[in-house]
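Chains as they are written, first to last, in the working numbering: chain A, 1 to 387; chain B, 1001 to 1387.
Worth flagging that the hints you see were computed from the coordinates, not collected in a lab. Heads up, some of the hints might be wrong.
Claimed, not checked - With a straight-line cut-off of 30 Å between C-alpha atoms, the simulated DSSO-like cross-links for lysine-lysine are:
1) B:1166 <-> A:15
2) A:338 <-> A:381
3) A:387 <-> A:375
4) B:1166 <-> B:1381
5) B:1381 <-> A:9
6) B:1357 <-> B:1338
7) A:166 <-> B:1103
8) A:166 <-> B:1166
9) A:9 <-> B:1375
10) A:9 <-> B:1164
11) A:166 <-> A:381
12) A:338 <-> A:358
13) B:1009 <-> A:357
14) B:1164 <-> A:164
15) B:1375 <-> B:1166
2 protein chains.
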Amino acid sequence: MQSIQQSFKVDFSYKVFFTRYLFSPDNHVFRDYLLSQASGALIKKLLFVVDDGVAASHPQLISQISAYLQHITSFDLAGDVILVPGGEACKNDQALFYSLVDKIDEQRIDRHSFLVAIGGGAVLDLAGMVAAVSHRGVRHIRIPTTVLSQNDSGVGVKNGINYKGKKNFLGTFAPPAAVFNDIHFLTTLQPEDWRAGISEAVKVALIRDAAFFEWLEEHADVLVNGDLPLMQELVYRCAALHVAHIGGGGDPFESGSSRPLDFGHWSAHKLEQLTGFVLRHGEAVSVGIALDSVYTSLLGWIDETVAWRIVRLLHRFRLPVYHPLLEEQQGTPSPVLKGLQEFREHLGGRLTICLLKKIGQGAEVHEIDETLLNKAVELLKENYATK
Amino acid sequence: MQSIQQSFKVDFSYKVFFTRYLFSPDNHVFRDYLLSQASGALIKKLLFVVDDGVAASHPQLISQISAYLQHITSFDLAGDVILVPGGEACKNDQALFYSLVDKIDEQRIDRHSFLVAIGGGAVLDLAGMVAAVSHRGVRHIRIPTTVLSQNDSGVGVKNGINYKGKKNFLGTFAPPAAVFNDIHFLTTLQPEDWRAGISEAVKVALIRDAAFFEWLEEHADVLVNGDLPLMQELVYRCAALHVAHIGGGGDPFESGSSRPLDFGHWSAHKLEQLTGFVLRHGEAVSVGIALDSVYTSLLGWIDETVAWRIVRLLHRFRLPVYHPLLEEQQGTPSPVLKGLQEFREHLGGRLTICLLKKIGQGAEVHEIDETLLNKAVELLKENYATK
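Can you build the whole structure from these sequences, using the hints too?
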């Protein structure tokens, strides 16, 4: 019996730029990037997709973009900037997905042109999926506008849309061509969105960087009150840890079952779904971190005082650390527990949950003890349900 | 201004197996592969999608599959085998695409389970796309059943479906987990399908392997009459060249504009579309090879006698080398010429067309001289329109 072995490596690389006032005429960051991508006399197109909430908070944005591009001869704005509704709802809207695919077609966006998405994580996920599957992959530039997308999802390699209510059921791994984090967008966020993004910083600090965790503790009160330079540092440190984990973790496209960056996420995904996405992703992750931290201490892996130190930090960020759906409901198991099975199915293979070895270091388990988990829920309820 | 550079490599590897009677109880090829993919006690699922034409020609196939799998304890057949219509039409059917996504969901196929597709290139393209975007990539096994899919598309890294009549407008690059070429499937092909697949062998020989071209000339008459051992050798040599080109060409996911494997394809894609896919892909490619070979000789790159030697070989395989749509239509340019622009758009960037330096070596150009192209059409018409 004959066989042929195919083997090859594909190189992926992209830069995450940190700047302020990206489309101001004197800001060269975006222009320099585009010029680095020019190919002789060929005109490349840029199709912009913008979160309508962002456009509303920044009424000059669209005219700024068009003025900014006017002086870059090798790149053309493709048609009008497209506004799409922000938030998780946009990922449920199949018609919206196809209307963006239609724009790729109508505007003749080819594999050397760019879809540029400006918005929160949901808009970036949707636009990234459109770019990834059109012509087998149009180049995609991300301009995240929330804390959560600037420090976490927007600098990563995933995209996705929901299907029949299942979060990210359809999606791909498709690294962006570049990411531009403009801190100015954070100044118009709702306080809840400002805070919600911080939970991913707490998460990545817990699994990768004890010093960053201590820095978060030190600056929590100033951060939560809207200090922009400190938030800029938080976003940079968190994004850097996230990028390093993906690039250095050995499995950027997650072919295994391990997903340490998803600490606190198994219950968070389920809570988001059960609350119809009323609970923000970052808020749900905060509950998930609290739950898994207390659970970890009940397993005896970390000291009880360490677990409550984590929960207290989340609480100082005015993030929720408990939700009634965690509890047993009239004698039946907590509906969130079903999230364990769904998490396993989405990742595939063996159930693999990230817990903590200590602050700054994650560790994996392949089973969850329901009795201890319920105990963790009770303890969180006792201490934080009414706070 | 700060920035973070992300860089990583992703390894892709898969084997293409050549066998006969894949699901016969004493054939260990498929079983050995599955066992190499087992993970301890974890049961992995196999969801089969089968081309209904193949199932009709091989009425025992489905029961053979289920009997074969019964003895492999760590793998389970997920639900019933799903039959889908074969041929290009299945790639136009959005409802069919989503019905397969629904099966992934209903049968709880996760990223460590497998979608196994058995069929011609169109079914493999459709099923490959379903696998690639479900859960951001379910493992995908291909069992191609036509000459064309066994020696070309089925052993490559692309998938895709059509959108609003545009071929492969939606798709991804997603290498299969494994490919199984069972030569027995070729015994039930229509003669037209047997022959159509040969054009890709002629193509890859022309751009990569002069000795293979001579081998094709030597065996043309026996091959065209259905000799299975010779076809087995043709499929193996062609697949090996195709696999080597993808893995060794330096750009497996086609981030550049160059696509040497698409010799003869720019007009072929357009001819397929203009004939509503009545012309088979392999037949259209044959016309495209003939056109670009004669055009290459008019450019003076190869001798006229070489061009006609190529055309004659295609003709000996009873493949078309001319089509009326190549001609000017009532004074307006040939409708196939529009295919040049569409080909550029699909690849992106600069127009890049593969021609021939000599038999066995391709060469690229970035423009096509319409006068010479029309001349090539005329010459083909004069010599072959009535043959």
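Status of the hints after comparison with the structure:
no.: 1; hint: B:1166 <-> A:15; verdict: violated, 33 Å
no.: 2; hint: A:338 <-> A:381; verdict: holds, 20 Å
no.: 3; hint: A:387 <-> A:375; verdict: holds, 19 Å
no.: 4; hint: B:1166 <-> B:1381; verdict: holds, 28 Å
no.: 5; hint: B:1381 <-> A:9; verdict: violated, 45 Å
no.: 6; hint: B:1357 <-> B:1338; verdict: holds, 25 Å
no.: 7; hint: A:166 <-> B:1103; verdict: holds, 14 Å
no.: 8; hint: A:166 <-> B:1166; verdict: holds, 29 Å
no.: 9; hint: A:9 <-> B:1375; verdict: violated, 43 Å
no.: 10; hint: A:9 <-> B:1164; verdict: violated, 33 Å
no.: 11; hint: A:166 <-> A:381; verdict: holds, 28 Å
no.: 12; hint: A:338 <-> A:358; verdict: holds, 27 Å
no.: 13; hint: B:1009 <-> A:357; verdict: holds, 29 Å
no.: 14; hint: B:1164 <-> A:164; verdict: holds, 23 Å
no.: 15; hint: B:1375 <-> B:1166; verdict: holds, 29 Å
The structure shown violates the earlier hints numbered 1, 5, 9 and 10.
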